[in-house]
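Q: Below, each chain spelled out in residue letters.
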Amino acid sequence: MSRLTFFLSEAYRALRRNAAPSLAAIVTIAVTVLLIGVLVPVLDASGSKTDDVRSQLELKVFLFDDATNNEISNLQDKIGAIPHVENVEYVSPAAALKILEDRLEDKSLLDQLNSNPLPPAFNVKVDNPDNLESVQTALSPPDSAGKPQPISAAIDEIVTGEQTQQIREVTGAVKILLAVIAVLLAIASVFLVGNTIRLSIYARRREVEVMQLVGATNWFIRWPFVIEGLVVGLFGALIAVGILFLGKVTIVDPLSDNFALVENLNTISFGPLIAALVTGAMVVAALGSGVTLRRFLRI
Amino acid sequence: MARARTRSRLRARRSRMPESHPRPQRPPIVELRDATMVYPGGHVGLERVSISIDRGEFVFLVGPTGCGKSTFIKLLLRDLQPASGTVRVAGKDINDMSRSKVPQLRRRIGTVFQDFKLLPNRTVYDNVAYALQVIGTPRSEIKRQVPEILRMVGLGAKIHNYPDELSGGEQQRVSIARAFVSHPPLLLADEPTGNLDPETSIGIMQLLYRINRTGTTVVVVTHDREMVDKMRRRVIQLYDGRVIRDQAAGMYATDEDTSEFGARVRSELGVAEPDDLDDGGAVL
Chain A
1 MSRLTFFLSE
11 AYRALRRNAA
21 PSLAAIVTIA
31 VTVLLIGVLV
41 PVLDASGSKT
51 DDVRSQLELK
61 VFLFDDATNN
71 EISNLQDKIG
81 AIPHVENVEY
91 VSPAAALKIL
101 EDRLEDKSLL
111 DQLNSNPLPP
121 AFNVKVDNPD
131 NLESVQTALS
141 PPDSAGKPQP
151 ISAAIDEIVT
161 GEQTQQIREV
171 TGAVKILLAV
181 IAVLLAIASV
191 FLVGNTIRLS
201 IYARRREVEV
211 MQLVGATNWF
221 IRWPFVIEGL
231 VVGLFGALIA
241 VGILFLGKVT
251 IVDPLSDNFA
261 LVENLNTISF
271 GPLIAALVTG
281 AMVVAALGSG
291 VTLRRFLRI
Chain B
300 MARARTRSRL
310 RARRSRMPES
320 HPRPQRPPIV
330 ELRDATMVYP
340 GGHVGLERVS
350 ISIDRGEFVF
360 LVGPTGCGKS
370 TFIKLLLRDL
380 QPASGTVRVA
390 GKDINDMSRS
400 KVPQLRRRIG
410 TVFQDFKLLP
420 NRTVYDNVAY
430 ALQVIGTPRS
440 EIKRQVPEIL
450 RMVGLGAKIH
460 NYPDELSGGE
470 QQRVSIARAF
480 VSHPPLLLAD
490 EPTGNLDPET
500 SIGIMQLLYR
510 INRTGTTVVV
520 VTHDREMVDK
530 MRRRVIQLYD
540 GRVIRDQAAG
550 MYATDEDTSE
560 FGARVRSELG
570 VAEPDDLDDG
580 GAVL
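These protein sequences, in sequence, are chains A and B.
With this note's numbering applied, the first sequence corresponds to residues 1 to 299, in that order.
With this note's numbering applied, the second sequence corresponds to residues 300 to 583, in that order.
Isolated chain A, as found in the complex (with noise of 0.2 Å):
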């Protein structure tokens, strides 16, 4: 308990006596956590939007106008069993004038029309876009000339998406880009992070060597330098999500308001980001510190 009492008023002495590099430690991580802060949201709500535009691609299967209905129930059935696919949904040509109509500004044009020439059709909703061709196949398996054979007489065609391919490549790449950024952020921040620390004990190894030739253990030196390294980590972490906070309530708040977009953010809120964050600070100073002094005390 004395020992308690021993490190916590050495790690109080040594920050207040080393006030420059302490506030330069406590700096360093307030601007790191705050790059954090603010990336891990937009990352993250990048990430949802991609995944909501890759969940949007779909597979299109169009019938011939004579179909019968239990042509159609049969075909939703088969293809409801196709592995990976997620949902079938039948549009009929009524519905699918009305979707047509939805989105005309002309409605006018419709009018001109004598029949409905919209044939009826299967929205086939996949499990992950990248599985798209393999239903695609199952859908209509090739035959003995290698030529695509549709598994029942009332497919007219299979439709995917004209920019389906495009669609998963730039998504795909742009999961890549984010994954990337945010690896990077991670190791720029321990890296920082962990200099400055290495300057503000390298300033001191003097004080390590006199604590080892007094026959300190290596504990007994460590511990006052891992306390320390917690209260710079809070303290850098407490700056930071005071700005966010303040950032959160001036700029993004109003604005998600006005737009949908912002609104519709799917992201991690702010109460479990802001514990995460002085937590993972406080984590890194505490690590940083002790093992940066590990350099100093081999005997």
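Honestly, the hints are just simulated from the structure, not real lab data.
Honestly, I wouldn't trust all of these hints.
Derived pair list, reagent style DMTMM-like, types lysine to aspartate or glutamate, alpha-carbon separation capped at 25 Å [said to hold, decoys possible]:
id, chain 1, residue 1, chain 2, residue 2
1, A, K60, A, D102
2, B, K400, A, E86
3, A, K60, A, E71
4, A, K49, A, E89
5, B, K400, A, D102
6, A, K125, A, E101
7, B, K442, B, D425
8, B, K391, B, D353
9, A, K78, A, E169
10, A, K175, A, D130
11, B, K457, A, E10
12, B, K373, A, E71
13, B, K416, B, D395
14, B, K416, A, E10
15, A, K49, A, E86
16, B, K373, B, D333
17, B, K442, B, E469
18, B, K416, A, E209
19, A, K98, A, D66
20, B, K457, B, E498
21, B, K442, A, E10
Predicted model only: the values in this text are computed from it and were never measured.
The hints should help you fit chain B onto chain A, whose structure is shown.
A: Coordinates of chain B only, in the frame set by chain A:
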């Protein structure tokens, strides 16, 4: 390096065998046997050096820069390990010692350096107290012992000053107080008077002599030949990593007390008696 260490361990085991007989007396506090230290890069710090120092001795280690004096100190603190040979402190082979035991070794050896190695952001009291805090001394004991030792070294009035408010001689006294506060059986002083003027140096030597009179073995490394010759203590001279002189007992009267010692050295060095004698002179 690792192989060399294993070899030295084997040798240590062999040499320990005769010790199974009951020993007539306590082992020497410091014992080097054929210790060789080669630095990475090929510089030979010590070459087959054998030195034995008994408890209670006051020994000077002299020689020019680079002769192996500092290597000797570092071997005893296990800052370095010999390539071959054994280093024993209080009969214990410290090269067999595990790393985690090294702090325990250092607590039993007081060290004093030319540059004092005081912590600039702590008061005199805190600098000395730190040596006791490290070994887990209760606070009440620290509060009792630190002022006592500071009075003994003559700094009872400067207990709350910071090191940069003290003269060089006073700083060295603080560092001696820190080294001696836990009453270790061995005190190593590496050029303790290297930065000090002759009169201050004599005061420091007198203090070390006083500590020696309490039974602590004192080893002083220095290149101040004049001081050494006048002090008439055992002198071990190193040159190029080898012992070239080991002049021991018979040179001095063992029953000389501290003030007699100071007066004699002063007169032999031609330094005037100081007006401000240490206030703790009667303690020992």
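Q: Hint by hint, say whether it matches the structure.
A: Structure-based check of each hint:
no.	hint	result
1	K60(A) x D102(A)	19 Å, holds
2	K400(B) x E86(A)	66 Å, violated
3	K60(A) x E71(A)	17 Å, holds
4	K49(A) x E89(A)	24 Å, holds
5	K400(B) x D102(A)	83 Å, violated
6	K125(A) x E101(A)	23 Å, holds
7	K442(B) x D425(B)	10 Å, holds
8	K391(B) x D353(B)	14 Å, holds
9	K78(A) x E169(A)	30 Å, violated
10	K175(A) x D130(A)	14 Å, holds
11	K457(B) x E10(A)	22 Å, holds
12	K373(B) x E71(A)	94 Å, violated
13	K416(B) x D395(B)	28 Å, violated
14	K416(B) x E10(A)	19 Å, holds
15	K49(A) x E86(A)	20 Å, holds
16	K373(B) x D333(B)	16 Å, holds
17	K442(B) x E469(B)	21 Å, holds
18	K416(B) x E209(A)	9 Å, holds
19	K98(A) x D66(A)	20 Å, holds
20	K457(B) x E498(B)	20 Å, holds
21	K442(B) x E10(A)	17 Å, holds
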